[in-house]
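Read top to bottom, the protein sequences are chains A and B. Counting in the numbering used here, the first sequence runs from 2 upward without gaps. Counting in the numbering used here, the second sequence runs from 2 upward without gaps.
No lab work stands behind these hints: they were computed from the structure. Hints may contain errors.
Stated by the list, open to error - Computed footprint of chain B on chain A, listed as stretches where at least three residues anywhere in the stretch have a Cβ under 8 Å from a Cβ of chain B: (1) 61 to 69; (2) 84 to 95; (3) 98 to 109; (4) 140 to 152.
The C-beta atom is built at its ideal place from N, Cα and C for all residues, glycine as well.
There are 2 protein chains.
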Amino acid sequence: MLTVYSNQLSGNCYKVRLLLTQLGIPFKVVEVDVVKGEQRTPEYKAKNPNAKVPMVEMENGEFLPESGAILYYFAQNTPLWPLDPLSQTRVLQWMFFEQYSHEPFIAVARFWVHYLKAEEKYKEQLVEKRKGGNRALAVMDGHLRDRSYFVGERYSIADIALYAYTHVAPDGGISLEPYPAIGEWMKRVEAQPRHIPITQPC
Amino acid sequence: MLTVYSNQLSGNCYKVRLLLTQLGIPFKVVEVDVVKGEQRTPEYKAKNPNAKVPMVEMENGEFLPESGAILYYFAQNTPLWPLDPLSQTRVLQWMFFEQYSHEPFIAVARFWVHYLKAEEKYKEQLVEKRKGGNRALAVMDGHLRDRSYFVGERYSIADIALYAYTHVAPDGGISLEPYPAIGEWMKRVEAQPRHIPITQPC
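Bound conformation, chain A alone (with noise of 0.2 Å):
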């Protein structure tokens, strides 16, 4: 069986376990506190040199970690993967978007605010980080306004990674009510089958 190395509040591994979950993938879950820096110790960097969760042990021994990968490679040959090339790289588009333009401000925002309770000490950066999230889900919504999913009109892996820290912006105080189209997809989400919240225990 597969093992995922996750940590129940983070938005990356909560991809890997919805995406495995919707598949109807077996896995394990072992839960790695990154706030006591469990996933920096010399037994998790000899899995992972990077040091970062959430990151997949296959069965032949393999370890696999960057959340975007994993999505990767459970997702060929699903629907969540479409066929075509130029289909296929708009849904690499929106993963990579989510990795450098979201995620660097919605998850680090809602890391601070709701993980550490730290919203006095980080005030200042929260600022940046704030315009930064609503930028990029300012460019989500535009995107949405006349589409049902982020690619071809059907759920796929890019739905999943975008989904994953979107649906909990506000935990890090930045709300989603100016971005309507984003509320209209994100019940599509969640109207998926085998959908589970990020808060389903494992």
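For this one, chain A is given, so just place chain B on it according to the hints.
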């Protein structure tokens, strides 16, 4: 013919110019002055709402942003994209690593020092950026210690993605001297057919 909206000093844009040149795909370049903010004009944002370079304008008029997605698209059915799904996943793993754990440190340090000539202004933030950059380089160096390229012992778009900002890390005050395996790998990358330097005029 393809049009690449590019900035001559940007490593993300260089990735695209390098790949297209190595594949023998002709393209013309529209230079975008990112220091002047030309990527944030209404005209540009109509093409790429995320206001970033590089972006490729395809022959059918579609616009393709995100360097990682562009590399994926054009590398399909070439030796720069492996055939088996696990190797493909490893290529993407390193490309996501580059965009999340490498570029935001190494490219940003270089931008402040080399583009903006503002080392003094960003003195404090540069400490963190250089620390993160060195962390990423140490991960790369460890991986390359017993490998010729990042994935499957052959040159791929993972090498292009990582070479782009790694080889100019010293521009941001991050020395490559502590990383001999990276030095050897860079020589192998530079010896690839049709290699062009980042400074090559278009």
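Now the hints, each set against the structure:
{"no.": "1", "hint": "61 to 69", "result": "holds (count 6)"}
{"no.": "2", "hint": "84 to 95", "result": "holds (count 7)"}
{"no.": "3", "hint": "98 to 109", "result": "holds (count 6)"}
{"no.": "4", "hint": "140 to 152", "result": "holds (count 3)"}
Consistency with the previously given hints is maintained throughout, with no hint failing.
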